Amino acid sequence: MAVTRIDISNTSDFGDFDTPYQQLDGTVTFAVDPKHAANTNITDLELAPTNEQGLVEFSSNFSLVTPKSLDDGNGRLLVEIPNRGNKLTAGHFHRVVVATPDDRDNPGDGFLCRHGFSFLSIGWQFDPQVEDAMKLEAPEATIGGKPIEGDVLMKLQPDRDRKFLAMIQLGQTRPSYPVHEPGSTTHRLYENRNGERHLLDRTNWRFGRVVNGEVEESDRHICLDAGFKKGIVYELVYRTSGAPVVGCGLLAIRDIATCLRYQDEASPLADGFDHALSYGVSQTGRVLRHFLYEGLNRDEQNRIAYDGMFIHIAGGQRGDFNHRFAQPSVIGVPGPGQQFPFAASRSVDSISNRKDGLLEKLDEEATPKIIFSNTSFEYWRGDASMIHIQSGEDLTEHPNTRIYHIAGTHHIGGILVKGKQMKELPTGLATAYPLNVVNSAPVFRALFKVLDEWVVSQTPPPTSLHPKVSNHSATTRASVLSTFANQTTLTIPNTDKLIGLHRLELESAEQPVQEFEPYPAYVSDVRADLNEVAGIHLPDLVCPVAFHSGWNPRSPDIGAEDEMAIFAGFSIFFDKDIILSNYPNVAAYVKQATTCIDELIKARFVLAEDRDWMIEIARSRYMASIS
22 MAVTRIDISN TSDFGDFDTP YQQLDGTVTF AVDPKHAANT NITDLELAPT NEQGLVEFSS
82 NFSLVTPKSL DDGNGRLLVE IPNRGNKLTA GHFHRVVVAT PDDRDNPGDG FLCRHGFSFL
142 SIGWQFDPQV EDAMKLEAPE ATIGGKPIEG DVLMKLQPDR DRKFLAMIQL GQTRPSYPVH
202 EPGSTTHRLY ENRNGERHLL DRTNWRFGRV VNGEVEESDR HICLDAGFKK GIVYELVYRT
262 SGAPVVGCGL LAIRDIATCL RYQDEASPLA DGFDHALSYG VSQTGRVLRH FLYEGLNRDE
322 QNRIAYDGMF IHIAGGQRGD FNHRFAQPSV IGVPGPGQQF PFAASRSVDS ISNRKDGLLE
382 KLDEEATPKI IFSNTSFEYW RGDASMIHIQ SGEDLTEHPN TRIYHIAGTH HIGGILVKGK
442 QMKELPTGLA TAYPLNVVNS APVFRALFKV LDEWVVSQTP PPTSLHPKVS NHSATTRASV
502 LSTFANQTTL TIPNTDKLIG LHRLELESAE QPVQEFEPYP AYVSDVRADL NEVAGIHLPD
562 LVCPVAFHSG WNPRSPDIGA EDEMAIFAGF SIFFDKDIIL SNYPNVAAYV KQATTCIDEL
622 IKARFVLAED RDWMIEIARS RYMASIS
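Residue numbers (the working numbering): 22 to 648.
Source of the hints: derived by calculation from the structure; they are not laboratory data. None of these values were measured; they are calculated from a predicted model. We put the beta carbon where it would ideally sit given N, CA and C, even for glycine. One or more hints might be untrue.
Claimed, not checked - With a Cα cut of at most 27 Å, we get these calculated DSS-like pairs of lysine-lysine:
id : residue 1 : residue 2
1  : 176       : 597
2  : 89        : 176
3  : 489       : 518
4  : 470       : 89
5  : 376       : 470
6  : 518       : 184
7  : 444       : 518
8  : 441       : 250
9  : 250       : 176
10 : 518       : 176
11 : 597       : 444
Said to hold, decoys possible - Derived CB-CB ranges, DEER-like:
id : residue 1 : residue 2 : range
12 : 499       : 624       : 31 to 41 Å
13 : 237       : 648       : 17 to 27 Å
14 : 295       : 182       : 56 to 66 Å
15 : 29        : 219       : 50 to 60 Å
16 : 648       : 499       : 48 to 58 Å
17 : 205       : 43        : 49 to 59 Å
18 : 648       : 182       : 13 to 23 Å
19 : 263       : 633       : 52 to 62 Å
20 : 237       : 182       : 19 to 29 Å
21 : 480       : 182       : 29 to 39 Å
Model the full assembly from the supplied sequences, consistent with the hints where possible.
Take a look at the structure:
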């Protein structure tokens with residue numbers, strides 16, 4: 022058994038529902054065979070220390086919410102993949118605004134509980150640093166009993182001129198890997214302007230920060246004599262010592278599911294589960310894509326882990342999840358996870374002519390039902406279209422997948438606070454235009470239920486909805502930007518600086534990785550009102566009072582204003598007179614929006630239980646547009 026022990030540190034009631042629920046928190050200990058065929062795709066597992074039985078041990082913390090009597094549940098386990106140590110369930114399923122660590126366990130409206138699910142969060146990454154993080158305690162690979170040394174790449178783009186920068190990524194307070202011998206000349210700092218790297222003299226920068234006008238040593242900061250300039254990309258390549266087996270996180274995701282599903286001896290539950298599902302959002306959606314690509318849906322006992330997966334806003338990427346010195350928390354660092362294949366179905370790489378598919382390592386029985394959903398941002402990021410378009414042609418859809426584009430939305434969900442829009446992302450990054458307000462949360466809940474019904478009762482999901490070459494709803498980013506340039510006074514990003522995936526040179530371990538030609542990227546074309554043609558259309562697009570995008574330029578205040586802001590789109594309301602001519606009052610608008618909502622319910626893209634919620638969203642949208 023891969024799970025050898027589960028220790029419960031806390032048991033508490035969860036919510037107040039007709040079916041009593043409880044929350045179990047604790048630690049799970051794993052022991053895996055590095056020689057077993059089910060584990061051989063995990064990088065450096067064979068270099069990790071073993072116990073007397075020749076097994077590699079590691080542990081994770083977990084949090085399980087389940088009916089006090091499993092007989093009262095629906096027989097399904099949902100495994101959440103936490104994002105950078107953060108639980109996601111409350112925010113994505115239970116309509117909770119997560120502002121503090123305590124909010125992560127808020128039952129909210131209890132969507133999953135009301136539907137009888139048990140749901141679990143498992144620590145899978147070694148480097149999260151948020152308070153009470155879900156975390157993997159990974160074993161460390163060694164060679165000849167000595168720590169492994171190697172180079173780590175970090176990209177930083179300051180949003181103001183600074184003398185020094187913190188070496189952190191999203192949700193971090195320190196780098197994933199420590200700096201080895203900070204005074205060494207082996208460390209390198211590059212200034213990257215428009216893809217052209219300039220190596221900065223090692224004598225002109227150091228690991229440190231400025232305190233009271235003096236430079237003091239720091240293993241979490243870099244200081245540049247001439248100062249860092251806002252908007253410029255800096256690439257730090259530093260030497261580290263110590264290589265955790267990062268891919269053990271993928272094994273944790275697999276083995277906790279089979280342990281609980283099949284009621285292994287270590288399971289704390291009185292029964293197992295008929296089905297296991299998993300979901301991941303953004304970074305953790307990419308984790309599940311990587312999990313599938315490594316063929317990990319069978320455990321050491323040849324048991325199926327997951328029957329279904331809901332992969333949201335992951336685009337076409339995998340990530341830093343299973344190679345030496347991988348950094349699970351980072352974004353924008355080229356590596357193995359940004360390479361072909363992108364699509365679930367077998368395809369031919371438009372650059373290398375290599376044939377592969379995301380599901381190639383899985384046999385038919387081990388291939389779960391999968392729903393991929395993306396916002397407009399993932400298309401504008403340059404990779405979402407690659408899961409269904411290759412070499413300028415629509416791919417044949419894998420029978421176990423559906424692909425949905427939620428039109429006119431962006432990565433972080435709709436932001437509308439007390440009727441007001443913001444121009445600053447939760448990360449503090451400022452945008453040129455107010456942030457996108459379209460709320461895709463009801464569609465998220467509905468698509469999960471679609472997946473559940475597909476797995477449990479074999480009810481076919483709705484037909485995939487996304488941009489297509491065949492019906493001309495897919496077009497280039499340059500074409501859409503040209504339309505905006507012709508019809509608006511908006512600042513348009515430089516098409517030469519649009520982010521996207523490139524062919525990479527990965528044969529060498531040298532950093533930074535060399536990037537070559539870009540992969541073609543497609544987005545949805547737009548209508549005359551500048552809203553998107555393709556995808557699932559919420560009332561915001563069916564009866565629009567604004568146009569909504571998946572792209573938004575960086576604010577001039579933070580530099581590089583001709584580049585796209587990461588994660589962000591915009592919503593720009595029409596002139597009030599135009600809105601009132603179409604919808605003279607809130608009742609008229611809500612009537613049209615309700616018709617749209619009812620059609621979405623019929624199409625299974627919105628749940629009937631969320632009808633009133635969506636009507637209220639529409640009402641607030643209209644009132645904000647005329648205020």
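Do the hints match the structure? See the list:
Note on residue 176 and residue 597: the hinted pairing is violated, with a Cα-Cα distance of about 43 Å set against a maximum of 27 Å. Between residue 89 and residue 176, the direct Cα distance comes to roughly 47 Å. Violation of the 27 Å bound is thereby established for this hinted pair. Distance hint between residue 489 and residue 518 is fulfilled; the C-alpha atoms sit about 24 Å from each other, no more than 27 Å. Between residue 470 and residue 89 the alpha-carbon distance is near 23 Å, which keeps this suggested pair within the 27 Å criterion.
Restraint check for residue 376 and residue 470: the C-alpha separation of about 33 Å exceeds 27 Å, so the hint is violated. Under the criterion of a C-alpha separation no larger than 27 Å, the hint pairing residue 518 with residue 184 is consistent with the structure, at around 26 Å. Proximity of residue 444 to residue 518 is assessed by CA-CA distance (about 21 Å); at most 27 Å being required, the pair is judged to hold. With a C-alpha separation of about 32 Å, the suggested pair residue 441 and residue 250 falls outside the 27 Å cut-off, and the hint is violated.
Taking the CA atoms of residue 250 and residue 176, the gap is about 14 Å. The hint holds against a cut of 27 Å. Restraint check: the Cα-Cα separation between residue 518 and residue 176 comes to about 16 Å, which is no more than 27 Å; the hinted pair holds. Our distance criterion of 27 Å between C-alpha atoms is met by residue 597 and residue 444, whose separation comes to about 21 Å. Distance hint for residue 499 and residue 624: a CB-CB separation of about 32 Å, consistent with the stated range 31 to 41 Å.
A C-beta distance of roughly 50 Å is found between residue 237 and residue 648, which places it outside the suggested range of 17 to 27 Å. Against the hinted window of 56 to 66 Å, the Cβ-Cβ separation of residue 295 and residue 182 comes to about 58 Å, which satisfies the hint. Against the hinted window of 50 to 60 Å, the Cβ-Cβ separation of residue 29 and residue 219 comes to about 55 Å, which satisfies the hint. In this structure the supplied range 48 to 58 Å is violated for residue 648 paired with residue 499, their Cβ-Cβ distance being about 35 Å.
The beta-carbon spacing between residue 205 and residue 43, approximately 52 Å, falls within the hinted interval of 49 to 59 Å. Evaluation of the 13 to 23 Å hint for residue 648 and residue 182 yields a failure: the beta carbon distance comes to about 37 Å. Distance hint check for residue 263 and residue 633: the Cβ-Cβ separation is about 53 Å, which falls inside the suggested range of 52 to 62 Å. Between residue 237 and residue 182 the beta carbons are some 20 Å apart, a value that agrees with the proposed interval 19 to 29 Å.
Judged by the Cβ atoms, the range 29 to 39 Å given for residue 480 and residue 182 is violated: they are separated by roughly 57 Å.
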